[in-house]
Each structure stands twice: as C-alpha cells, then as structure tokens.
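Take these sequences, add in the hints, and give me the full structure.
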Amino acid sequence: MTRPRNRWRHLLGELRRLAGTMTADAEERAMREEMRFHLDMHAAKLRDQGMSDDESRRRAALAFGGSQWVDAARDEYRSRPLEESLRDARFVVRSLGRAPAFTGTVLLTLAIGIGAAAAIFTVVNDVVVRPLPYGHPEQLASVSHDLTKVSLHDAGIAPAMYLTYRRSARMLREITLYRTGSVDASDADGRGDSQLLASASVSGNFMSLFEVPAARGRALSVADDQRGAPLVVVISDALWRTRFGADPNVIGKKLLADGELGEIVGVMPASFRVPTARTQLWLPLRLDTAAAWLGGFNSRAYARLANNVSTAAVQRDLSSVLPRTAEAYPLIAPGLTTKVILEQANAVPTVKWLRDDLVADVAPTLWIVAAAAGLVLLVMGANVANLMLVRAESRQRELAVRAALGASRGRLILHFLTESLILAVPAWGLAFGVAALAVRMLVHSSPIEIPRLAEVRVDWVTVLFIIVTSVLVAVACAFAPAARWFRGGVFAGLRESGRAATAGRGRVRTRSVLVTVQMALALVALVASGLLLKSFERLRAVKPGFDPDGVATLWVVAPEKRYPRQVDYVRFLTELANRVRALPGVTAGGISTSLPLHWLNHNKDPLFVEGTATSKAIPPLQIYSAADAGYFRAMRIPLVAGKLFDPAETQRWNEVVVSQATAKDMFGDSTGATVIGKRFQNLPNGPMYTVVGVVGGVRDTSLMMPPVRAVYEPAVVTGDTIEGSLGHTIAVVARTRGDVAAAERAIRGVVHDLDPTVPTFEARSMAEVVRASTARLAFVLVILGAAAGVTLLLGIVGLYGVIAFVVSLRTRELGLRIALGATPRAVAAMVSRGGLALSAAGALGGTVVAAIVSRFLRAFLFEVTPMDPVTLAVAILVLTASALAASWIPARRAARLDPARALRVD
Amino acid sequence: MPANESSGEMIQGMLDMLILKALSLAPMHGWGITERIHQWSDEALAVNQGSLYPALYRLKRQGFIASDWRTTENNRRARYYSLTTAGRRQLAAEQRGWERLSRGIELVLRMQQ
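For the protein sequence lines, the chains are A and B, in the order given. Under the working numbering, the first residue of the first sequence carries the number 1, and numbering increases by one thereafter. Under the working numbering, the first residue of the second sequence carries the number 907, and numbering increases by one thereafter.
It should be emphasised that the hints constitute simulated quantities derived from the structure, not laboratory data. Note that the Cβ used here is the ideal one computed from N, Cα and C, for glycine as well. Just to be clear, a hint being listed does not mean it is correct.
[What the hints assert, rightly or not] Pair ranges (Cβ atoms, derived):
(1) A/99 to B/983: 46 to 54 angstroms
(2) A/829 to B/991: 51 to 59 angstroms
(3) B/1006 to A/849: 42 to 50 angstroms
(4) B/991 to A/816: 44 to 52 angstroms
Now the structure itself:
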C-alpha cells in the first residue's frame, strides 16, 4: 500500500489540501453547490414517484438531515494530521479507560522507572556534570603530590613547593594554599558557649582565585595574609544564619578564634563551598615565607590554570620546576633536606580538575547507581513494550478489521504511537513526583557523603529528561507491536485466529526476544548485587583488630587559651579518663588522638630504626598517634609483647607502643618479643624513642586494607617540653556493659562537670564508626539489590506471560498430544522447557554483559574477583529457578487440559 | 437519520469500498453513487449523505479518487468523481481484505450456532 507512487500522490493531495485552506471560501461554495445538487436530484426523484413539488422538497431536505454532517464533511475536507491524531487520541483515551488494569500497570511502571532514572540523572548531573558555581570553573584545578616511593597518594603540598610554583610555574595563572582544621570560637567578651567551627586557613588570594565576592562585607585580601597583620575572618552563610541570626550588622563584630581576637570582615555566599561544604570560617594563613623550614604535607592547594592547557601539560610544567624548590628552600624539615624528600620519596605533582577532584570519591558510586537506574528503566521499558504487545494481541481482530476496512499502515502506526504517547503524558507527572521525592530523600538523608549534594535541584533539566526519556520509551514501546504487526502482515490477525494448529509463532517471537533481554538484564543485576553481597559479607567477617561492640566514643577539644601548657592539658585529660573509668557500667576507658576508620588526626611520619637514621634515605611512613593504656583495654586491642603505658604521672615521654605491622616491617619480628627495648627516631636528628610494647594490628584506614604500621606515643604529664604529640582534639573511648548511648551521655556529663567550656562533638559508638566506614558499600549494595529484585521480578512476570501465552496458542496442539497419549508430565515438561530455553538464552547473554560490566564494580569489591564463578553460578541458579517457577503454573495448566474441550477451542 | 432507519449503519471502511466499486465503472456524482449502491444492493443498502460526502472528500484526499465539475444530461453543473490508478489498486486490496473478513465473520457466526 505504500508504494512510492502512491506516497507521491498522497503528498500531492496533502499539498493541494494545504493550498485548499487558502481558497477555503471557494471550496465552501463548491461544497454547498454540490449539496444543493444532491438535494435537487433527490427531490426530482421523489417528484417522479408522484409526490407534490413542496412535499418532495420537504422530504428530500428531511432525508438530507441536519447541518451537523455538513460540518463533518467540511472537517473531512480540511482535516489535518493533527486533527486525525486528536480523533485517534479521543478513541485511545476511551479504550484505555476501559482497561484500567492495563493502564494503571503501565502508568505505574513508567512512573517508577522514569522517575527513579530522572532522580539519579538529576543527582549525577548536578554533582558530577554541572559546572561549579565559581568564575570560569573550567580553569580551576587542585594541585597535590604523590610520594610514589613511599606509597603515599594525594599527599598535599609543602609550603616550599607552593612558593616555588607560585614563582616559577608558567601554566598557572594563580595558585592558593590552604589548610583545613577546626577553630574554637567564642564571643569577644569570652562569655557564652564556645563552639568548634570547621575552618580553613587560606592564602590571601583564595577567594579572588575562585572569583567569588563576599555576600556581605569583603572577602579576604592579600593584605590580610601578611605576617603580623591583625586577624580578620570571613564566615559562611550558614554560620551567619545560625550563630549570628542573620544579623545585617555582623560586619565589624569581633570573635575569639583559638584565643585570638579577630574581626569579621565578610560573609561568603551559600554557594561558596570550598575547600569543603562544611567550612564555616576562613582565616588568613599568614604563612611565614622566611621560616627556617617550609615542609610538611599538611597543606593543600587550588590553582587557576592558563587557558586551554591540559592537566597533563600542567603536571609536566610543575615537574620541571619542582627541583628548584631544593635550591630556594634547602631544608624542608629539621634534619631533612628538600632534595632528599624530592628524590627519595619521588614527589610527583598531580593536577586534577577541581570538579573531578571534588567528586572523585563519590563518582564511581554515583555512576553505579545511575547504571542500576538505567537497567531498571530498560527492563521496565521492555515490560511496558510487552504489555503493549499483549494489548495489541487481545485487540488483533479489531485492528485487523480496521486494516481491512482501509485504515492505512501509517494510520495504524500512528494509532500505536498515540496510545503509548497518551500513556506517557500522565506518566510525566507521576515520574516527576517520584523523581522529586527520591531527590528530596537523597538530599536530606543520604547514607553516604556526597559533595555538592546541597546544589542538587529538581529543575527544568529534570523535566526535560523525563519528557525525552518517556517519549523515547513510548516510541520504542509503540514500535514493538507495530513491528510485530507488520512483519506478520496486516491480515495476520485474521489468519491467525483461524484454526491452524501451529498458529502464533510470529506473535511469540517478539515477546520472547523482549523476555530474553529482561532475563539477561536480571542476571546482570543479580551478579552485580551478588558480588557486592559477597564483598559485604567478607568485609563483615574481617577482624578489624579491635572489638567495636559496647564501645562509646566522643571527641573533646581543649581550647589552647584555657590549657596553654601541655602539663595542664594532660592533667585535664588524665582526670577526664579517670572519671570516665569510674562511671557505672564502664569496664575500661581511655583517650587517643585518633580512632580507627575515622578521618580525624591520622598523622604520618617516617620511622628511622636506631643506627639507620641518615638524611639520605626516607623510610616508609607510619601512622603516629597518642593514647593511654586505657584506650587499648577499652578497644580490646591485644597486647602481643612487652607492656602498655603507665599512668601519665609516671610514664616516660620517650617510651612507645608499636603495632604488629611496625614490628614486622621495621624490626623484622611479628611476634614482637625481640622488638621490646629497640629504639628509633622519627626525624634523622630527632629524639630517640624506645619500644616498650607491641599490640595487635588494627585496620586503621579501611576494613578493606590490611592493618597499617602504627606507633602509639604515651600521654605524659611531664612532657611539656616535647613538641606536642597530643593535639588539642582528643577522642574519649569507654567500654560499657550497659547502653552505649547512655554511656555517651554520661561521658559528656563528665566533660561538662570537669570544664563546661570544653566543647564535645561526634559522639558515636565504635560500632557506628565501623558501620559508617562501610556505608558506601552498603548503599551501593542496597541500590543494586533493589535493582536486581525489580529486574528479576519483571523478568519473571514477562516470562510467565510469554509461557502462558504460548500455552493458550497451542491449546489445540497440546490437546491433540494428550488425546494421542502424551502424559500430563510430558506435556508439562515440554511447556517448562520453553521457559527454560528463554531463561538459558537470557543467562547466556547476561553472562556476557556481566563479564563486561562487572569490572566497573572493582572499586567496591573485597576479596572477590569481578568474575567470581560461585556468584555467577548462584545468580544463574536463581534465574533458572525463578524461570522454572514462572513456567510451572502454565505448564500445570497445560498438563491438566481436557483434550475434548481443547480440540474445540478456536 | 430517516433514510438510514431500515438499513443499519454502514462501517466506514465498507462504505469506502462500495464507493470505489461504484466509481470503478464510470465517473459519477455523489447523488449517482447513492443511487447506484442502492440499486445494486437490491435496495438493501442506503447510503446516508452524512457519511457519503465526508467519505468522498477523504478518498479524494487519500488520492484514491479525483473530482471535476461537469454538466449532467439535464444540463446541470455537478461534481463528478472518478477512480484513480491508486484507487483501483486500493479497491482490489479492499476486496481481498473484505473476502477474508467475510469469511472470518462467516466462521464466527457458524461457530455460534
């Protein structure tokens, strides 16, 4: 019917019709003339039959009917495709209304699938893709260093390097240095509660580098950053609103920051989220460029790059000027030359685009979640296509009749398209609701920390995504029945309803393909969630080196202005630990500067075993922290050799406890027996420490990583001359027999009784800390598990549909077989085989796809390979078992067929 | 619609087919088509004008028929419709389709007995 010539003629007709609208009046006159002619002829005929003149006219006019059909004729004359579609649409809406179950299922499926995909798309788009809200964000980058020889990645930047780059690098427009930390802030008069604020000490050009002006007052300037300049601070929008109640006169107010009086000169806008979204206070770094040594990798840097340079080119540029650091700043730390650090540790500059750097941690998680959403969307799309097919099947005679009565092929395709588009439109609204809800949930209670999450908004991009996706899904879904329809021929519907015994192969094929795809995707989701589940189980089986159950933790900050001398400070801590240990139900308690699996206070320093200390070679780095004996007891970190610390009053400052890993790697004895009494330095000409005890290894950085080398220094009262090994931020830990939360409250009470000005924060049970460290894996596991559940369920439903359909098509054939002596068992087996064949094809395809995509999961896998055979086998088993279950119901129905009745079925 | 009372509504596609069939012999005006179908069907089928003219305009738009103004034997101006090549093909296709359909309907009816 669609031969080219005909199409050409049709086109000509359309053109003529288009021209016709311009001469509508002429056409209208012609039409009226034609009608008048008709009327006259009818009247003449009646007159011939002997009727009177008047009577015949009256009868003819009566027969002609009212004027409404003239309007219909005019409509037909002028009708345009749009109007045709509208007529089709009215028809479709009516017929969809008559099938509420179908309509509801499709709408819900589309809404959930598209809504979930839109939510994830919105998050990924806003977090990973959308430009940062700073001036010329495409030029912004972070500058850090990998110390490759000592396996230290992303180690930051030493001030000496920063100064060198600032002076010599050619591809940097500007570079700025910063350090994150916390500041104990209180009102200028010293009254009121002090508050621990997340702070950033920054170079004077920090804010101008981002090209962000202050929302109120002014940003920090280079003048503020001079040595000896009076302290000025800039506060965040959030701090301004909470602490200062959005006071418009906040500029010029004073603040005690770590005991130094500073003037608030500006408020940054809420969109200014560097270095972190949590930063509440920016203060000038006031770097002493003339200091004897400018080492330490505890600083970080951002840079604005020259136009159109790649990060690789900038890295080369920085690498070429890095050696000059050794010339300008020969000493990087006491007793350690810059040259040694650069050469021995093999410092390599790394430059990352700021956007990538911000989301580097979370991007893999988000992409996996996005992939899961895409998978669900695909499977849901296949399901809707399948439902549309079923619907087309049930209406095949109606459609065949329409085709036979002259509805063109295009018209039928248009009909399918209209139907799926009409379903898609209300799905937009529902999907938007689902997306808005999901984004809201994610933003407000994300189980994992996602940078830029506060920037995530459901906006027109989301709407656009929903519309584009749903139209694509609609077109794809319309294509399925239309393609099926035309491959079978327009009149196949009529033919197939005849009494042929093997009818319907063509009808089954499209749906079989869809179901196979669904099964394959379900297998992929099953394998992915299986791999993660196995990783998660392995991870939970890992012994972290301590016993987290029943341990309460709490952080305290002892402000320097109240405890300027180390002695007073340690006395405070000792008293605190003693009182905590005396709490009812507490069996052990202590203090530490760091907690396992926690981000705070992990200092890394080298360790020179006695006799090996030269400034020529850098040994591998260790974690250094400080603790008392009670900490090890509370955490149940076992003592392997030697002894734990004495009470602070009698403990010698230069005695340390080391971890088993240190004993093994640095002293060559994992039992620790021979390590006791050994001595070492942490700098080539630093003080000498003696090992008094060896404790079991602790997974400090991640449950996935083996225990790291650690050195524990003691808390001592007499050590006020020692370079502070105890920071002013300390964790209190207590093991309790009772309720952990109650113990936390009790510890807070103890701190408050001891000194009400000391702030406490981050009260968490150790079990929570452990859980938080696996939160990301758990999150991905839950998402992928849900995706696997949904895809498997939809796959099974699809499979059930196809098998049941096949049984209904083959009723006569099956009846014949039973009549000829086939056992019900054999018939059931035959039907089930069909289901198994589909799931086997799906499993095969799914295995191939899983082999390709499971590599992307590698970052989340622990002690499991991406192609773990057991996981794959279990996934295939689950899929096959589900397929069997899905085929069982129709198979049983087939086996119980009454042959006499089956043979009579049309 | 009085003219239609005794003969039942005609399905649109069927009407299209009958119009094409009527025009397959010779070009004809709307009134003539009504009369021709009426006579052929032993007066069983009466074409309602309300369906006829919309159908004619539709068929013309689809390129199956063409129209021009001629003078009748009684010397009146009337719009004559004639079958195009595409219309001839369409008629053949519809006839085949109709035969299948009627066979199908026949089957259905027989089964119900």
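Verification of the supplied hints:
no.: 1; hint: A/99 to B/983: 46 to 54 angstroms; result: holds, 51 angstroms
no.: 2; hint: A/829 to B/991: 51 to 59 angstroms; result: holds, 57 angstroms
no.: 3; hint: B/1006 to A/849: 42 to 50 angstroms; result: holds, 44 angstroms
no.: 4; hint: B/991 to A/816: 44 to 52 angstroms; result: holds, 48 angstroms
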